Amino acid sequence: MKYVSKDLGSFGLHLINSDKFKTITIRVLFHTPIKKEEITKRGVLADILLQSSKKYNSKRNLTIEAEELYAADISTNNQRMGNYIVTSFTLQVLRDCYTEEHNLEKSIEFLSDIIFQPDVENNAFKKERLDIVKYNTVVSISSLKEDATAYSLTRMAEAYDKESPISYRMTGYIEDLEKITESNLYETYQKMIESDYVDIYVVGNFDNKEMTSLIKKYFKLKKIKKRKPSYYLTTKKPRTRRLFAKETIDNTQSKLAIVCPLNKLTDYEKNYALLLGNIILGGGPDSKLFKEVREKNSLCYFIHSIYNKIDNVIVISAGIDKKNFQKTVDLISKNILDMKKGKFTDHDMDVAKEIYHTAREEIEESENRLIAEFIGESILGQEPMDERLKKIMKVNKRDIVRACKKISMDTVFLLEGVKDEND
Amino acid sequence: MKTINLKGLEMNVYEEQLENGLNVYMIPYENKKNYFISYATYYGSDVVEFSPSAKETIKPPLGIAHFLEHKMFEQESGIDPFTFFSESGTDSNASTSFDSTQYICYGTKHFGNNLRYLLSFVNSPYYTDENVEKEKGIIAEELNMYEDMPDFKLDMGIRECVYKNHPRRIDIGGSVEEIYKITKEDLYHCYENFYVPNNMFVLIVGSFDKEEALRIIQDELGKKKKKTLPKITKVKEPIKVNEKELTMKATVEIPKVAIGLKVPTKDLELKDFELDLYLSMLSTILFGSSSAFKERVRESKIVNSIYTEWEKIEDFRTFYLTASTIDPDQFIKEVKKELSDHKVTEKDFNRIKKVWIASEVRMIDNIDATVSNMYDDIIKYHGIIPNKIDKIKAMKLKKLQDLIEKIDFTNISTVKMVQKKK
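First to last, the protein sequences are chains A and B. The first sequence begins at 0 in numbering that gives the first Met the number 0 and counts up by one. The second sequence begins at 0 in numbering that gives the first Met the number 0 and counts up by one.
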């Protein structure tokens with residue numbers, strides 16, 4: 000595997016050469032500082048671009064063309080990365096040796112058409128397309144509660160700090176959806192193309208020179224931009240008294256969601272010590288939380304803690320019976336305290352390091368993980384992966400304890416299941 | 000060891016059957032670092048009642064196969080399998096379905112040790128009154144979690160409508176009430192009857208040495224005795240769907256719809272894999288992402304995403320279609336119309352063939368996808384299909400048309416799920 004990054008002025012081109020794949024994966028990222036009121040529009044925009052293009056005037060024609068390119072897969076995604084919103088377009092297609100000559104180039108042209116040749120007239124998207132996308136968005140927004148765990152995490156974040164991007168709903172907001180018109184959506188589109196930062200990642204077995212000229216041929220972006228604000232969030236000072244918030248839902252199970260902001264981590268703690276600390280605390284089925292809360296006390300089926308270093312928080316999530324709420328919170332609290340007191344073994348640390356090591360090895364087996372890795376290195380300022388691995392292996396107990404002391408349980412949210420048996 | 004070439008994919012499957020009947024399937028990769036091991040039994044929630052001998056019939060509480068899977072992780076040694084695997088950074092898990100239960104581990108290190116341990120822990124049941132009791136709270140929360148998922152409820156709803164007697168109308172996990180009745184004796188009965196070598200297999204994909212793997216498997220499992228499998232009580236499932244229509248109420252803001260088409264297979268010429276290939280072609284042409292139907296319902300803004308699936312049980316194939324829609328009645332009407340028209344064109348037929356061939360090549364690139372694909376083949380057809388690409392290439396439109404002639408497209412159930420009144 001070889002990684003080369005080129006600054007082409009108007010965008011960054013990242014070539015990840017690997018002989019492990021029969022496909023070529025190309026991901027185009029548009030990123031810009033996130034604004035709450037623009038999230039819905041960005042979602043609608045990504046969706047509408049995949050509904051049709053100038054050349055293929057319906058979703059069906061677009062899909063048929065993708066199928067004709069030997070099942071080229073094109074998808075789009077809107078994601079928050081710290082202070083930024085990232086709209087991505089991904090193409091995955093077989094190499095020409097498995098299809099026919101020029102199939103890759105045709106597929107790249109197809110992706111380029113979708114992004115740069117939208118189905119618009121008179122500086123506006125078409126009403127019938129926008130209506131379809133609006134319908135899709137309404138369905139997604141209205142279905143939020145169907146995934147009670149995800150919903151509890153959203154509500155928890157809103158209780159924690161509704162000003163922070165952590166609490167923004169990436170599915171969008173109905174009130175913002177109503178304001179979207181064919182022409183103001185087109186303005187958003189133009190703004191995205193002209194002023195967003197753009198990075199293109201390519202993974203697979205290809206010749207760098209050929210790929211660079213293909214990308215240059217089909218991605219003609221003009222403006223040169225310099226990145227400004229940091230991707231990393233700064234969280235506000237933790238509350239002195241823990242906040243409890245609650246909402247009921249017509250369900251059998253209750254969902255517990257806890258956020259722990261991290262108070263002034265050093266870079267070393269952020270990238271190394273706390274990463275291991277979180278694996279020990281709630282990273283998997285061998286973690287403290289899984290063993291204590293599930294295995295020993297039978298309080299839940301799932302429990303885990305997720306460390307998000309860009310957002311500067313640890314989030315804990317579990318599905319419980321509401322009568323066990325206090326007991327579960329106390330146990331979680333005790334386990335965090337144990338981390339701070341250094342009540343974990345060298346063995347726990349070794350296991351966490353092994354888990355990290357395996358995850359490092361598996362990066363190279365997946366296109367998505369490779370792209371995520373090099374987004375981290377090229378945009379988020381991460382050190383190269385083998386450098387990180389070396390440092391992780393040297394982390395000691397004192398480092399982990401010091402980092403864990405900066406965890407504070409700030410907001411505890413209970414989505415209380417109150418089953419209404421009357422239909 | 001038999002070598003089977005996966006034609007058109009530049010890969011081999013190595014197959015071996017031990018003397019006790021255990022099957023081993025291995026697909027080594029040259030250029031990967033990771034591996035995936037599955038140790039599985041053809042035992043799932045479909046087994047509701049069985050007779051180890053002419054005199055004895057056992058009917059354990061529902062959800063027992065899934066309960067047993069959870070309890071496999073309890074070891075007399077006190078070593079927690081999750082901990083064992085984590086020590087080498089290896090992930091492990093298990094899952095129960097209608098027709099199988101599998102134990103898996105996947106990682107990049109200590110292949111030999113992990114394989115040996117996986118086989119040995121699944122071979123060492125340790126059930127006590129106490130540890131069985133302890134699991135009930137955990138599983139109850141798992142069942143409650145599913146209970147709150149509208150899509151899961153919808154799936155159960157349509158199954159109850161399609162089947163009258165078949166266990167596919169029962170949740171794999173049973174129910175909270177049933178699992179509380181489970182005892183350690185029940186678990187041992189099921190374990191001893193279904194976790195036997197001639198009812199099990201090992202599937203390994205990825206980076207490993209096949210000779211080493213086979214040696215370890217011989218070593219760990221070779222001494223296990225072959226056993227006569229119990230007679231599983233079969234239910235008689237009528238040709239017709241059980242219920243034509245059902246309306247369910249749930250916590251959903253956008254209604255949901257499920258449609259089930261029940262196809263008896265006794266009188267069909269096509270069998271097994273070939274039959275599934277053609278049925279899948281039919282549903283892809285009618286309801287797939289490039290279908291005219293999909294375009295129609297999208298343009299009329301009643302449905303965005305549609306999920307389809309074929310289910311294989313003895314003597315039947317059932318087609319399920321589910322979607323969220325603001326207009327359930329209109330959507331059901333559209334689906335029924337599409338089924339009764341069932342128009343297939345040569346152009347669509349050939350394009351889908353091309354897509355499928357490309358997908359096979361893409362699938363083999365990815366270890367996870369390959370594992371799940373091969374696993375499905377083993378469960379459905381008791382072996383890996385080595386020449387899928389050739390079989391896809393050989394598909395003829397005429398055969399599809401002949402098959403369509405024999406299907407009764409009115410043998411369907413429909414379920415509507417609407418919001419509870421507040």
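Honestly, the hints are just simulated from the structure, not real lab data. These numbers come from a predicted model, not from an experiment. Think of the CB as a built atom: it goes at the ideal place given N, C-alpha and C, for glycine as much as any other residue. One should not assume that every hint holds.
The following label-pair restraints were derived from C-beta to C-beta distances [said to hold, decoys possible]:
hint, chain 1, residue 1, chain 2, residue 2, range
1, A, R241, B, K420, 51 to 59 Å
2, A, K404, B, N112, 34 to 42 Å
3, A, K190, B, E268, 53 to 61 Å
4, B, E310, A, N296, 53 to 61 Å
5, A, E246, B, V417, 17 to 25 Å
6, A, E246, B, E184, 38 to 46 Å
7, B, E184, A, D249, 36 to 44 Å
Comparing the hints with the structure gives:
{"no.": "1", "hint": "A:R241 <-> B:K420: 51 to 59 Å", "result": "violated, 37 Å"}
{"no.": "2", "hint": "A:K404 <-> B:N112: 34 to 42 Å", "result": "holds, 36 Å"}
{"no.": "3", "hint": "A:K190 <-> B:E268: 53 to 61 Å", "result": "holds, 60 Å"}
{"no.": "4", "hint": "B:E310 <-> A:N296: 53 to 61 Å", "result": "violated, 38 Å"}
{"no.": "5", "hint": "A:E246 <-> B:V417: 17 to 25 Å", "result": "holds, 23 Å"}
{"no.": "6", "hint": "A:E246 <-> B:E184: 38 to 46 Å", "result": "holds, 44 Å"}
{"no.": "7", "hint": "B:E184 <-> A:D249: 36 to 44 Å", "result": "holds, 38 Å"}
This entry does not satisfy hints 1 and 4, going by the numbered hints stated previously.
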